[in-house]
Amino acid sequence: MTATRTRTVKTIKIDVDKCNGCRACEIICSSFHATPRYSSINPARARIRVIREPLQDVYLPVFAGEYTAAECAGRDKYTIDGKEYDECAFCRAACPSRDLFKEPDSKLPLKCDMCESDPTLDVPWCVKWCLAEALIYVEREEEGEPAAAVEDLDIGLVAIANVHGWPKVLDAVNRMAKKT
Amino acid sequence: MRYAETGFNLEIDLTRGSIQRVASDQRLTALHLGGLGTNARMLWDLIPPEVEPFSPDNVLVFGTGLLAGTPAPGTNRTVVSAISPQTKLFAFSMMGGFWGPELKHAGYDKVIIRGKSPELVYLWIHDDKVELRDAAHLRGLGTMESQEVIRQELEQPGAAVASIGLAGENRVFFASIEQGRSSASRLGMGAVMGDKNLKAIAVRGTKDLNIARPAEFMRLCNEALQYIKVREKNPIKGVMPILAGLGSPAEMAVHDEQWHTENFVWGNARHRRKGFWTEDIQQKWTNTMDTMRTRLLSCHNCPMKCGASIAVDTRFCSYMMKCFSKLTYTMGAMSDLDFGLRIAQKATEHGVDAFTAPQTMAFAIELLEDGILSEKDFPGMPADSEGRFYYLLDKIVRREGIGDVLADGTHWAGERIGNGAPAYAHNNIRKHEQLPLKLGMLNPVYFLMYATGEKASITQIEGGFPQMPFPTRAENEAFTADWHHVPDDRFKRWFEDWELRGENSNPLYPTAEIASEIVHWQEMMHYIDDSTGMCAGLSSFPLKPPFQIHNLPALIGAGAGLDLDEAGLVHLTARNRTLVRANNIRRGLKRADEKPPDDHWKKRFPELEKKLLDEYYAFKGWNEEGVPTRESLHKLDLDYVADDLEKRGILKAPGAAPARPAAHDGGAP
Chain S
268 MTATRTRTVK TIKIDVDKCN GCRACEIICS SFHATPRYSS INPARARIRV IREPLQDVYL
328 PVFAGEYTAA ECAGRDKYTI DGKEYDECAF CRAACPSRDL FKEPDSKLPL KCDMCESDPT
388 LDVPWCVKWC LAEALIYVER EEEGEPAAAV EDLDIGLVAI ANVHGWPKVL DAVNRMAKKT
Chain D
-10 MRYAETGFNL EIDLTRGSIQ RVASDQRLTA LHLGGLGTNA RMLWDLIPPE VEPFSPDNVL
50 VFGTGLLAGT PAPGTNRTVV SAISPQTKLF AFSMMGGFWG PELKHAGYDK VIIRGKSPEL
110 VYLWIHDDKV ELRDAAHLRG LGTMESQEVI RQELEQPGAA VASIGLAGEN RVFFASIEQG
170 RSSASRLGMG AVMGDKNLKA IAVRGTKDLN IARPAEFMRL CNEALQYIKV REKNPIKGVM
230 PILAGLGSPA EMAVHDEQWH TENFVWGNAR HRRKGFWTED IQQKWTNTMD TMRTRLLSCH
290 NCPMKCGASI AVDTRFCSYM MKCFSKLTYT MGAMSDLDFG LRIAQKATEH GVDAFTAPQT
350 MAFAIELLED GILSEKDFPG MPADSEGRFY YLLDKIVRRE GIGDVLADGT HWAGERIGNG
410 APAYAHNNIR KHEQLPLKLG MLNPVYFLMY ATGEKASITQ IEGGFPQMPF PTRAENEAFT
470 ADWHHVPDDR FKRWFEDWEL RGENSNPLYP TAEIASEIVH WQEMMHYIDD STGMCAGLSS
530 FPLKPPFQIH NLPALIGAGA GLDLDEAGLV HLTARNRTLV RANNIRRGLK RADEKPPDDH
590 WKKRFPELEK KLLDEYYAFK GWNEEGVPTR ESLHKLDLDY VADDLEKRGI LKAPGAAPAR
650 PAAHDGGAP
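Line by line, the protein sequences give chains S and D.
What the first sequence shows, in the working numbering, is residues 268 to 447, in sequence order.
What the second sequence shows, in the working numbering, is residues -10 to 658, in sequence order.
Hints listed in this document are in silico derivations from the structure and should not be mistaken for laboratory results.
It is possible that some hints are incorrect.
Just the calculated beta-carbon pair ranges, DEER-fashion [claimed, not checked]:
1. D:Asp14 <-> S:Lys435: 41 to 49 Å
2. S:Glu409 <-> D:Met457: 56 to 64 Å
3. S:Ser384 <-> D:Ser494: 55 to 63 Å
4. D:Glu268 <-> S:Pro386: 51 to 59 Å
5. D:Glu613 <-> S:Pro303: 52 to 60 Å
6. D:Glu268 <-> S:Ile347: 33 to 41 Å
7. S:Cys339 <-> D:Ser7: 41 to 49 Å
8. D:Gln215 <-> S:Gly411: 35 to 43 Å
9. D:Glu212 <-> S:Thr273: 34 to 42 Å
Covered stretches of chain S (chain D as the covering partner; in silico rule of three or more C-beta atoms under 8 Å from a C-beta of chain D) [to be verified]:
10. 286 to 292
11. 300 to 311
12. 323 to 329
Glycine residues also receive a C-beta, built at the ideal position from the N, C-alpha and C atoms.
Pulled out of the complex, with its shape left as it was, chain D reads as follows:
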């Protein structure tokens, strides 16, 4: 018997219209858990590096986390993987909501989609019955609209539906996959789905999911719930509101947006607006939220209320929102919250990433203002900022006129426009738009996370270690007093020693050695979550979460029936992390790609940054180009990766002629 997972995947070939239920190899669970881990293995095996994102050979995998659907609070996530049209690298975009657990109950861990359907179709999974259905009548419909139509025509109100909108159908590079409460937004997985002519996947499942060691598993779940109750009553003092509590984050519940509006940057990630948050604004925005937000919502089996029903020109709900999409449109258009919540409704229906879309629109406006684009490029565009954003959103999702260029995101649009435009795509890492944040002094921990995060999204790597020290050592010590979440006590000392100013402050402290350890820990926690399907909001993202490195091995072990201790989980996670990197290295990722935007910090230190990267690479067991060495690959049972990288000349084969002859070679007797 398989525990926590079902032991079966669905393999769909859209070109041939074939559907197969395939037993998965249990050994892969022991090696990679599930979710991101097994997705990375699958894409390594299935997609050679020359495959283009919009090729029928690109494989789109919906992989549920190993624990998704179990009673462990917050285990509901699905990792969507394919080669990204934007970065052309291995992508993993994640969604919570209800879709993943529903798939597990239907009897499958993953849906693996290859090929390209000749006509627009949707996939309907109802326990053992799986079929491709015509979706011609859904063409052009919004994501929420499609979900409703599908549920009604199937007469299945309980079906979970993940669908694309117009943006995905038109292969907008930053198209999302939406499923109502949640979405896989980053890196253009919606575009890959659209390229495959797959409008939606609807799932309804009524089967059991088994737990290996029920009593132990439930004890850990109950402890976590108890901890959440206590933690929610004891917010962390001295940090911004969304970091005080748990959640991914609970942005929908927060009214105080001083931190975001005054520290993040507006427009095309340019303008810092100190003093923006007046009492007037606070009153107005609170009123907007109170009027338009009709309910705080959770994902499957999670007590945190990170989402909300938002009502636009209706009384109840026109879409569901979460996280920082609350502010991205508002700040991109230099407007207010009312506008932000309104346009996000249209953007959610069209299915676009709420980080990249507003950034791209603000980029276009800036190009117009600076004369690189002209009024002729925007026929019929309104004069006001809000009107312009609605206009641009429409052009982009339809790929009309300038929208066709902008639909490729700021990097590729900049390249296509030329004439100095690439410099305006200034807020990218690996061609992917970042949070609009520009700061003063380089933070070594954040430098490494921005540079090396395989997903190129800071929120998917940061977490347990505070972003900055408290004003006094006494406050640092008060913070570490109940900080049992760290791998060991050295982390407490490092944090206690950290100062806002003085000898132990940024950029020289945390030192390269310490920063490597801190980044490694935070990243590890995300990789654990991404393979178990645990939401980061209860584990890797917030400070002092209920799930951490000391209780997760037992939870995973008891749920899935694995013999897993802390060292084992650390080792397994390093394997998954390295395999994700190997996918990218094989696709051409270079050290030169590993850098934060040039203007992310005002004060930069090229030599220190080089040292940080050198030290971190060495710590990870990578060579100076950032390629995992054969020795470190061997330790992680990834010899097949080493063989492949050697065959391709990315790693030097042992005994092969050195690239450059050593100096003494010529003078040997």
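Next up, chain S with everything else stripped away, as it sits in the complex:
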């Protein structure tokens, strides 16, 4: 019998009615994730984006989730309280069907990491900078299998392979290894 463990799930609750459309979340996100930290800003690199359709009164902050290599076969459009949300609006995935949540130059996928850092922050930066309180940080305990720790290098390689395919990556690694 496998022992289950309690783990902490971190999430951001989004109240779209409170969003004032200022995009401070995008700005502080890209600033925090810059190297060196805070040295540059670029909303196109942000792991949270405000989807905006001003004339529909749609202001929808979405934060980046998992990368997916394939597009969805069928896509959804939602109509909520009379407002039509574009297909993919609520989806958090970086996927081949759109530019969202990809590094603008490398096209590598971006994912929200809840501003993981040392020392740990009490709340992610986007939440802290959302004075409108449209973003609320929530932690809850869940029973489940703890995920095996994955090395940073592995995560990076998988991300690159997802974009270029393993054969190309292996080719490149072999080629570069010969040079060293």
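Model the placement of chain D on the given structure of chain S, informed by the hints.
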């Protein structure tokens, strides 16, 4: 590496259809920062004083503020400059929204537009790809409509688009440039854009913007946000609602309009309606706002909600409104808020300035009522006030019939109509329509601000110092207790000493010396904001703002990598302010132009006013004609300005024969 700015401008010649990406001179950043400062330098260098507003040689500059697009809250503004068709002077009209930061991320600080396109075009800037595109299909479309069409045809939902409407295309002197959430409305920049046959500029940028000293910069940003939270929970007591909090101002969130409706004047800036604000009206207007306002909105990276989505005959949003445009049409037409919000939707689509447009329409109605214009001038005009305003708006933006005359604004329309009409254009400074406000007793600080503000808009110069004292000295002292925003403690004493009635009251107090200092400080804060792209609503406009003279030097320095202390920023700002003035002086601005409307205050004091102006000019280092002296220009590294003004005979050259021989000359042995 360049910090906060990109180091590149786009230079567009519409006559030739050429597009160039040009590196900017970093030394100009150190001298002028960006935004208004570098715009003023550019127009000084590029536009000789004889150039007319509607000449291909007029240069239209969209200049982002130095800090625009950085994480500093409220830094999102773009200064649009050209020679104004209305004042024929140097104009700077500003807009917030999202356009400026988007341009920075595309890799440019300014877009500089010269010449005149043979066909209607729009400019599409997408990072390194920049192109002029045909805009024939956008002719006559509204500003919001154009923005939507452009975003859809480019398949770029994230593009920021600044566009003109019918008013700009038809060169209405008070045409605005609209970009959805925000607009550059004052002084007719939309008309200059229309004259150049440029319908819109769409921008999408995905590049990085760099910060010089990130840790220090972020500390200051976080402190400001923390301060905003505390300040919002502690509104200032005893002032009108929009001055209690922060913002530019947060007029969209306020229901209590007693102050504006009873103290500002209605119609053609004539009628004060004391007792207007009844419980009935309050109920009705609150209901209008609650029904039509669907969301409070902010500009790029700002927590203040000064704007709103307004829904006219639709459920969600038909346009976005901000600031005092909420009431200008309502009060001009002597109508109600429902009408004001409805007509503003059409006016925003057509792209007109919400200060000048309703004033001009009310001016026309008054001329009709007084028999200077006749029914024949208004064929087919409805009889009701609201109907007349819709009719006039349509005539003006199409320049049809009397609309062609009114499209030049009240000053020039008055001149063209003649027959006593100029006297009806009574609410202007430098030929530019003012807020509809008529008061009793002259306030020396406001006298100087109205008279000398280069932009001729009081909201762009007033700010940190309260408009009037509190009823008691104890309340004044309570106000100054946490007033660390002032340059030094003398300002606190001056305010504490100010009285509503008695020895230290208007018009003799604040004295000319004190008033000069107060005006100088308030103006300086605006000039800092206008060059950094910081919104006045978090800095120069409200009482006790998060950004002030003691923390801005560090913020600008850390963001842009400049070695800037308080004295340095004060000096630099004086340079920018003087250069803006020099542009106007070279174009013929005279002391005689520096006066508030004759009827702005009931009680006027010609001798005191002369003294105020004399003292203020001297304080600024200007001669008695208001021309900066060579000595003061030299101190500000503006010798090239002094040379030019001397060459033109505006300043007397040293060693030149005095204009009038001194009395003893003839009797010398």
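Here's how the hints hold up against the structure:
1. D:Asp14 <-> S:Lys435: 41 to 49 Å: 45 Å, holds
2. S:Glu409 <-> D:Met457: 56 to 64 Å: 60 Å, holds
3. S:Ser384 <-> D:Ser494: 55 to 63 Å: Because 57 Å falls inside the window, the suggested range holds.
4. D:Glu268 <-> S:Pro386: 51 to 59 Å: Since D:Glu268 and S:Pro386 have Cβ atoms about 55 Å apart, the given range 51 to 59 Å holds.
5. D:Glu613 <-> S:Pro303: 52 to 60 Å: 55 Å, holds
6. D:Glu268 <-> S:Ile347: 33 to 41 Å: 37 Å, holds
7. S:Cys339 <-> D:Ser7: 41 to 49 Å: This hint holds: roughly 45 Å between Cβ atoms.
8. D:Gln215 <-> S:Gly411: 35 to 43 Å: Distance hint for D:Gln215, S:Gly411 holds at roughly 37 Å.
9. D:Glu212 <-> S:Thr273: 34 to 42 Å: The hint (34 to 42 Å, Cβ to Cβ) holds, given that D:Glu212 and S:Thr273 are roughly 38 Å apart.
10. 286 to 292: Coverage by chain D holds here, the residue count being 5 at a Cβ distance below 8 Å.
11. 300 to 311: holds (count 10)
12. 323 to 329: holds (count 3)
Consistency note: the structure conflicts with none of the earlier hints.
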